[in-house]
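Peer 1: Protein sequence lines, in the order shown, are assigned to chains A and B. The numbering used here applies: residue 1 is where the first sequence begins, and numbers increase by one. The numbering used here applies: residue 1 is where the second sequence begins, and numbers increase by one.
Treat the hints as calculated values from the structure; they're not laboratory data. These numbers come from a predicted model, not from an experiment. It is possible that part of the hints are untrue.
[Stated by the list, open to error] From the structure, some residues in chain B lie toward chain A, with a derived Cβ separation under 8 Å:
#1 PRO84
#2 PRO138
#3 GLY139
#4 SER212
All C-beta atoms, glycine included, are put in the ideal place defined by N, C-alpha and C.
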Amino acid sequence: MSSIAASLATRRGAVVAIAIALAAVIGVAVFNDRGMFGRGPGGADVAGAVRSGLQQGVNGIKAVGDTVASLFGSRSPGERAAGLQANLKHKRQAALHQRALPKIRRPVNPLAGIVGAVPTPPLVEAPLIAQPLDKVLNAPPGPLAISPPVTGVGGGGGGFPGVFIPGGGGGGIIIPPPAVNPPVTPPVTPPVVIPPTTSGVPEPSAWAMMLLGFLLMGGAIRQQRRLANA
Amino acid sequence: MRLKVASIAALLAVALAAAWLWSAAEGPPRVEPSHVTAPRMAKEALSPAIQQHRVLLDDTQVRQAIASGTVDRPIKSLLKVRGPLQFGDYQWDDNAIPPGPTWIRVDLGKQILSIFRDGHEIGTAVIVYGGDNKRTPPGKLHILAKARDHVSSLYDAPMPFTLRLTGDGVSIHGSTVASGKATHGCVGVPLAFAERLFDATKVGDDVVIIPSPATASGTS
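Okay, chain A solo, but in the shape it has when bound (with noise of 0.2 Å):
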């Protein structure tokens, strides 16, 4: 031991050059942007490992040895569970005037609309034709077997129009109207404007209007065409 050491001393010179050109390999090995130096077989980069670690100690990062995945990972909540369906928003419900539904044929009211107008009364069907016709010309001529007419202005005999009625009384008499309750008001209610619903695509009917346009304008101008050639 004694002799090793004895040696050391007397080739002192070897040692501190040996030890200078060691330092100066490791230290190009690892500050080489290339990694020529230290790259082992398996492709591992061994001057980068280092070089990270150092430079992260100069920057105080505690990420030594990390990969870019790693760090990913350790912010990420954890993986979903499999098979979770989507349960976050729900589907619009069709609305009145898209093309799946059937169209809907609203009343058409002329007030609508019109602030301050007076709603006209829903209309009374008049019990009329409420009897079967041949019970009503079979019935024996008197006003009784007159239906009471709507209006008490010209009863009219029971009104059939066009129909002659022998012995068919009550023409001209004018038959008070039976007593019904008084007219209810109906309440008045702010109008409601129905926006115009226009699809925003044509109607298979316009389409094909469309091209039968096309047509007429092409056989038009074929057959003018036509009388200016003959």
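Starting from the known structure of chain A, fit chain B onto it as the hints suggest.
Peer 2: Just chain B now, kept in the frame of chain A:
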């Protein structure tokens, strides 16, 4: 006359074929490394005070990340996030990050989203994404359009700060971000984060969606 009709028909056929080829060429996007050149260190621009909030990446880490498909291009630094983010959490720090190419990385498996500018991560958040019946499409997409106050035409849901990614409506937008939730294909982020994301991106920026391993292997 016949010649004219034939020429018009031929023109129409050529236009149709071109449209079909163009639509077919768009096809399903794929994740491919867009840059394979050696990345450079990020130490040149950031001051030490800013570096304290970041994890600077070296060549080895970046090469390994590109090789493993974690990212498809060189990146320079990540935000330093302490511990796992919770649902609804996000982090944003673009202090002293210079302007540059901006892109978004969406990691479905890890349920996180990151936005990068000039190679530096400037924001990250926990996301919700498409359920198994309505999958979020993986691949390299682009921001096709932006809408600040978008309301879905398919679902009864407002979609604020929408970044539209596909023609059929898949987007990144503000949403409820909670555990056990799944969207109809969109990527949902917290509302405040969505606003920052909206302001930091522009139409045409890349969005890379990385599928979850279970989905990629087709086992789910």
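Peer 1: Hint by hint, which ones does this structure get wrong, listed from lowest number up?
Peer 2: 2, 3
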